[in-house]
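There are 2 protein chains.
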Amino acid sequence: MPLENSYLLPAAADMHVHLRNAPGPISQLVTPTIRQAGVDCVFVMPNLAPRPVVTVAEAQEYQRHLQALDPEVTYLMSLYLHSSITPDEIRAAKKAGIAGVKAYPKGATTNSEWGVVSFEPFYEVLATMEEEGIVLNLHGEVPSNPADGVTVMNAEARFLPVLHDLVERFPRLKIVLEHCTSADAVEAVRSVGDQVVGTITAHHLSLLVDDWSANVNNYCKPSAKSPRDRQALLNAVVHSNGKFFLGTDSAPHDISAKKGKGNTAAGVFTQPYALGYVLTALEEGIIRGDIPDAAISSSKLAGFFSHYGRRFYGVPESKHKVLLTRNGQTIAESFKGEGAEIVPFRAGEKTWSVEWQ
Amino acid sequence: MPLENSYLLPAAADMHVHLRNAPGPISQLVTPTIRQAGVDCVFVMPNLAPRPVVTVAEAQEYQRHLQALDPEVTYLMSLYLHSSITPDEIRAAKKAGIAGVKAYPKGATTNSEWGVVSFEPFYEVLATMEEEGIVLNLHGEVPSNPADGVTVMNAEARFLPVLHDLVERFPRLKIVLEHCTSADAVEAVRSVGDQVVGTITAHHLSLLVDDWSANVNNYCKPSAKSPRDRQALLNAVVHSNGKFFLGTDSAPHDISAKKGKGNTAAGVFTQPYALGYVLTALEEGIIRGDIPDAAISSSKLAGFFSHYGRRFYGVPESKHKVLLTRNGQTIAESFKGEGAEIVPFRAGEKTWSVEWQ
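Chains A and B supply the protein sequences, listed in that same order.
The first sequence begins at 1 in this note's numbering and counts up one residue at a time.
The second sequence begins at 1 in this note's numbering and counts up one residue at a time.
Hint data in this document are derived by calculation from the structure and do not stem from the laboratory.
A few of these clues could be false.
Identical copies look the same in the list; a pair holds intra-copy or inter-copy alike.
[As the list claims (entries may be wrong)] Only pairs whose alpha carbons sit at most 25 Å apart, straight line, appear in this in silico BS3-like list of lysine-lysine:
#1 K350 x K261
#2 K95 x K106
#3 K321 x K300
#4 K336 x K243
#5 K336 x K259
#6 K350 x K106
#7 K106 x K321
#8 K350 x K321
#9 K336 x K261
#10 K319 x K106
#11 K350 x K94
#12 K95 x K336
#13 K94 x K300
#14 K261 x K319
#15 K261 x K243
#16 K259 x K94
#17 K319 x K300
#18 K319 x K336
#19 K261 x K300
#20 K259 x K243
#21 K321 x K259
#22 K95 x K261
#23 K261 x K321
#24 K319 x K350
Keep in mind that this is a model prediction, so the values were computed, not measured.
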């Protein structure tokens with residue numbers, strides 16, 4: 001078999017998670033699954049509805065509610081880039097330990113109504129972030145626009161000039177291009193300095209456009225793309241050297257938002273089995289010939305899952321280890337709680353089990 | 001307004017429809033909507049489940065059941081290209097008035113399990129079709145295949161070499177490239193002789209990949225693609241000169257196959273409002289600047305809707321006329337019958353009404 005049957009690794013850090021409003025039925029269901037996956041540190045997205053997290057006080061209150069759900073997890077908090085955020089708020093955020101500011105292009109994804117049209121009005125805020133060492137987290141898509149030929153298939157590639165422009169204007173600003181989904185995005189991240197990194201989800205290492213076209217539970221933004229793009233993501237994982245690390249973009253939606261009336265909510269729920277999904281995708285990638293067999297090692301997995309993300313955010317290494325074992329568990333058909341039911345990625349399939357040491 | 005407020009046109013021919021098994025709950029619900037759309041002649045697809053239409057006797061029985069549902073419609077029948085079909089069956093089909101033989105690439109779309117892997121075993125059958133003047137109807141996609149980089153987004157473009165090869169081998173064979181969805185397909189049809197034509201659906205004149213990504217009722221095969229592709233289809237309609245005509249590929253599925261458990265069935269239901277959808281799409285195309293205002297005329301509409309398809313199949317012109325009137329009706333939220341509920345395209349929107357003269 002291309003991979004070992006088990007790996008003993010440092011507890012992982014998942015640098016892009018959606019835990020939804022807390023208190024609330026979805027956060028209550030989802031937050032306890034973080035450690036089930038072998039993860040003890042998460043970077044929490046601020047795009048709550050109806051109002052995103054735009055002040056330090058809101059982020060701190062959100063963090064307290066999450067800590068109440070599982071105090072053993074480190075929650076790195078973020079603000080939502082918005083016109084109400086001032087340089088002073090950025091300085092206060094730094095003091096309060098807030099890790100990043102997330103920029104959503106207006107109209108490009110879930111809860112992006114408050115998002116950014118142009119970065120120009122934010123130059124002063126970005127300069128302060130650069131000065132303070134607060135990370136800019138980019139949802140790297142432009143909104144779809146038929147007149148310019150932009151669709152979900154090329155929205156990420158079309159965003160990359162914006163990334164390059166920001167890098168040029170703010171050369172010391174730490175930037176994460178979140179949930180890279182294309183060969184172009186991987187190449188863009190590689191082409192600039194070490195202050196710019198990319199997160200890679202679990203599901204984009206498996207999915208192609210075909211896989212979400214007929215399956216609402218696989219539909220997400222940015223959407224999964226071509227075999228060539230998937231291959232580039234798999235190679236980014238195994239040749240990361242710190243440039244790419246895990247950020248699952250686990251995005252829980254109640255089943256009614258996936259299968260009910262109205263449009264399909266974008267997002268794949270991967271939180272409870274995050275590491276197992278990655279290992280399965282790597283193994284499938286080796287079998288297909290997308291990545292070389294020899295590329296996988298414990299130290300590379302430890303880097304992608306744990307070290308690289310923590311180092312980028314300046315978070316201490318975990319004191320815990322987790323033992324991952326092939327085919328050790330079956331993915332649940334759904335997670336049900338009071339007022340919410342969420343279908344996980346690859347429901348019903350075998351995956352790797354996680355044992356805390 | 002770019003279009004007139006009403007058009008008096010010959011009754012239309014829809015040269016690609018799915019009426020499903022007859023007798024059966026869906027055919028009972030759908031067949032009576034053919035004339036509601038202003039259509040009195042349809043080319044009926046043979047991909048019934050669990051067994052497609054592969055014999056002349058089956059096609060004739062199917063036709064009788066459809067005639068019982070609405071005897072005022074002309075049903076052009078087809079066989080499903082399959083290893084059991086012999087040159088003798090083709091000659092019998094010609095005598096029985098069967099109009100075409102539909103080839104489905106195995107695995108590319110709904111009910112294609114019986115489909116074609118390679119055309120080579122069918123060369124004798126195709127030669128007989130060429131001789132007899134029976135049309136070959138092509139579902140022009142290769143099956144998705146990550147190893148070759150084939151996804152739903154390029155599966156049609158990748159099929160076009162097969163079309164060119166068939167044209168070269170059987171230069172007098174009448175061929176329809178069904179439901180063209182890409183600029184490449186339009187170009188391929190234009191590049192070969194008049195014995196090769198293309199059908200164009202109503203929904204591909206409106207939809208882009210973004211429109212089906214989050215809406216299961218807009219999901220179909222071949223999938224809707226880019227703004228450039230949509231523009232090519234709109235221009236194929238208004239610059240058809242007989243090369244392109246209406247074939248809606250109206251594909252009714254019960255709501256449980258769209259929104260229920262399991263994967264999403266591919267198909268958009270457009271039968272009851274087929275002409276109205278096209279007029280709306282043309283108008284939207286003019287407003288966007290995809291097609292010139294002056295391109296629309298009654299005679300072009302009559303050609304695309306009615307004359308070109310009938311001439312290609314050798315069917316007499318309709319004796320009836322239909323009056324289409326802007327905003328004359330509202331598209332139903334769904335069509336409900338015994339054991340079936342089907343959501344039409346653009347449910348709830350205004351569309352053109354149809355009055356038989």
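Hint check results:
no. : hint        : verdict
1   : K350 x K261 : between (31 Å within a copy, 20 Å between copies)
2   : K95 x K106  : neither (28 Å within a copy, 61 Å between copies)
3   : K321 x K300 : within (15 Å within a copy, 71 Å between copies)
4   : K336 x K243 : neither (36 Å within a copy, 55 Å between copies)
5   : K336 x K259 : both (15 Å within a copy, 20 Å between copies)
6   : K350 x K106 : neither (38 Å within a copy, 29 Å between copies)
7   : K106 x K321 : neither (40 Å within a copy, 48 Å between copies)
8   : K350 x K321 : within (22 Å within a copy, 61 Å between copies)
9   : K336 x K261 : both (20 Å within a copy, 16 Å between copies)
10  : K319 x K106 : neither (39 Å within a copy, 53 Å between copies)
11  : K350 x K94  : neither (42 Å within a copy, 53 Å between copies)
12  : K95 x K336  : neither (38 Å within a copy, 61 Å between copies)
13  : K94 x K300  : neither (31 Å within a copy, 66 Å between copies)
14  : K261 x K319 : neither (46 Å within a copy, 42 Å between copies)
15  : K261 x K243 : neither (41 Å within a copy, 39 Å between copies)
16  : K259 x K94  : neither (41 Å within a copy, 46 Å between copies)
17  : K319 x K300 : within (18 Å within a copy, 74 Å between copies)
18  : K319 x K336 : neither (31 Å within a copy, 60 Å between copies)
19  : K261 x K300 : neither (44 Å within a copy, 38 Å between copies)
20  : K259 x K243 : neither (37 Å within a copy, 40 Å between copies)
21  : K321 x K259 : neither (38 Å within a copy, 42 Å between copies)
22  : K95 x K261  : neither (44 Å within a copy, 49 Å between copies)
23  : K261 x K321 : neither (43 Å within a copy, 38 Å between copies)
24  : K319 x K350 : neither (28 Å within a copy, 62 Å between copies)
Checked against the numbered hints given earlier, the structure breaks hints 2, 4, 6, 7, 10, 11, 12, 13, 14, 15, 16, 18, 19, 20, 21, 22, 23, 24 and satisfies all the rest.
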